[in-house]
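Based on these hints, arrange chain B on the given structure of chain A.
Here the protein sequences come in this chain order: A and B. Residue 1 is where the first sequence starts when you use the numbering used here, and the numbers rise one by one after that. Residue 368 is where the second sequence starts when you use the numbering used here, and the numbers rise one by one after that.
I should point out that these hints are in silico values taken from the structure, not numbers from a laboratory. Bear in mind that the values here come from a model prediction, so they are computed numbers and not experimental data. Note that the Cβ used here is the ideal one computed from N, Cα and C, for glycine as well. Watch out, some of these pointers could steer you wrong.
No farther apart than 27 angstroms at their CA atoms in a straight line, the calculated lysine-lysine pairs in the DSSO-like style are these [as the list claims (entries may be wrong)]:
1. 81/A with 280/A
2. 378/B with 326/A
3. 456/B with 378/B
4. 162/A with 145/A
5. 326/A with 456/B
6. 145/A with 124/A
Looking from chain B toward chain A, a few residues come up when the C-beta cut is under 8 angstroms (computed) [claimed, not checked]:
7. 425
8. 430
9. 445
Stretches of chain A that chain B covers, calculated by requiring three or more beta carbons in the stretch to come under 8 angstroms of a beta carbon on chain B [said to hold, decoys possible]:
10. 296-309
11. 315-324
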Amino acid sequence: MSDAPALLKTPLNAAHRALGARMVDFGGWDMPVQYSGILDEHNTVRNAVGLFDVSHMGELEVRGPQALDLVNYVSTNNAAKLAHGQAHYSGLLYEHGGFVDDILVHKVADDHYFLCVNAGNQDKDFAHIAAANRWDCVVENSGPKFAQIAVQGPKAAATLQKLTKTDLSAIKYYWFADGEVSGDWARIAHTGYTGEDGFEIYVAPELAEARWNELLAAGAEFGIKPAGLGARNTLRLEAGMALYGHEIDASISPLEAGLQWIVKMEKGDFLGRGKLEAQKAAGLNRHLIGFEMRGRGIGRDGYEVRVDGTPAGWVTSGGPSPTLNKNIGMCYLPIHQALPGVAIEVMVRNQSVEAVTVPIPFYKRPK
Amino acid sequence: MTYPENYRYTKEHEWVSVEGDTGTVGITFHAQSELGDIVYVDLPKVGSVVETGQSFGSVESVKAVSDIYSPVSGEVVEINTLLADGPEKLNEDPHGAAWLVKIKLADPAQVSTLLDAAAYQAYIAG
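Pulled out of the complex, with its shape left as it was, chain A reads as follows (with noise of 0.2 angstroms):
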């Protein structure tokens, strides 16, 4: 017996229990953690194409003849630069500087953007976007309008072209089209969160499983397999990139984190800008790096990590790569020890393991 609320489920869930995934409850939401296993899925994604059910994420769209201000109130980057087409990574920021999630900004038209968001955070996404409209924009929680799925890897474009007939070598990195998947609309955007190339398409959610099972079809001859969250999460690890709750959260901010090529205070005034000018004009107290073991242990999430035998920091995600055949994680330290080639220790279930810093990211994908 629970009094736990029942986990939600995206329009994919029957197809992953069919392929044998194990599905465990991923903030809330119950998801395929891995299919074939977390190494063979990873090296599948790197070496031929993987394919992903990312359809917890959320969307937010912004609509009307102010949307710009909006958008470009509540986040750090700067959605002015957008082309129709175009999207960018950027945060959303509270007032004190510290992130309220981290999000893809899709600019479809002047008058109407489309935010791609963190699944655990699209309510108080919502929220914070709506109680900022002072410009009467319509902002909506569409996120039960769109499945999302990823497919990601050097056969990706190859997988994906042969179910449509927009033209992906047209849609630059970062950029997306509104085209067809099999003849029904779909959101093509050449984005992902993996370090490899590849598409994340966004479509009806009661066609989802066709996508699904076509793009599982197409890719066969390239050897693809779906890969679970467990997957996605080696893969943005050596990659580099955030994950809310671990390198971003509601105490960090960007300049800590290394997003400050995120952050344009040229745009004018922002949600959090005063509080990023002040941490500029003092300088910062810690920042992220990243650090290979060492020594013979896995730094995890959450472990202590020394300098001198002084406790400095701590370990945002850490774990094996696949890739690189090491042990790697991110930490934050003080400033003037958040720099390449500084021996740390990491505190492993109570024993000091040695490590050294290193920059990130780790793994960079063959161009």
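Chain B alone, transformed into the frame defined by chain A:
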């Protein structure tokens, strides 16, 4: 998967096989299956003393760390050195080549209090 009839099992998914006064300890097929790809095994030192129900090491998969609880009390007389460089062997042969430690049993009779193969299989079947 078959669970050897001559092994005894715990609800924490370890097994022990007794010969004379020595117990060989491992984790079950079910345990490795639940963990997924195993990438690291941390074992106690030879000569250390372990007690029933006490954590003596850990097994790490890509995703998570899992404690190993000793099914028996005694002194560690040997550890499986194959696992340091080949932790994935735990996924391949958990009831055989990928045993973890051998323990000189403080009380060999204690083993009879553990689950037999049928009881363990009924337990994991829920």
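| message | Can you confirm whether the C-alpha distance between residue 145/A and residue 124/A stays at or below 27 angstroms? | response | Roughly 18 angstroms separates the two Cα atoms, so the pair holds.
| 27 angstroms limit on alpha-carbon distance, applied to hinted pair residue 326/A and residue 456/B | Satisfied, since the Cα-Cα distance of roughly 18 angstroms is no more than 27 angstroms.
| request: Report holds or violated for chain B covering the region 296-309 of chain A, Cβ cut-off 8 angstroms, minimum 3 residues. | output: holds (count 4)
| query | Hey, residue 378/B versus residue 326/A, does the alpha-carbon distance stay inside 27 angstroms? | reply | With a Cα-Cα distance of about 33 angstroms, the restraint between residue 378/B and residue 326/A is violated, given a limit of 27 angstroms.
| field | chain B covers the region 315-324 of chain A, three or more CB atoms within 8 angstroms, holds or violated | value | Per the Cβ count (3), the hint holds.
| said: Next pair to validate is residue 81/A with residue 280/A; report whether the Cα-Cα distance is within 27 angstroms. | reply: holds (23 angstroms)
| task | Using Cβ atoms only, decide whether residue 430/B comes closer than 8 angstroms to chain A, and label the hint accordingly. | result | holds (5 angstroms)
| Within a Cα-Cα threshold of 27 angstroms, do residue 456/B and residue 378/B meet the stated pairing? | holds (22 angstroms)
| field | Hint status (Cβ of residue 425/B to nearest Cβ of chain A, threshold 8 angstroms) | value | holds (7 angstroms)
| request: Quickly compare the C-alpha distance for residue 162/A and residue 145/A to 27 angstroms and report which way the hint goes. | output: At roughly 25 angstroms apart (the allowed maximum being 27 angstroms), residue 145/A and residue 162/A satisfy the hint.
| task | Return the status of the interface hint for residue 445/B: holds when the least beta-carbon distance to chain A is below 8 angstroms, violated otherwise. | result | violated (19 angstroms)
Checked against the numbered hints listed earlier, the structure breaks hints 2 and 9; every other hint is satisfied.
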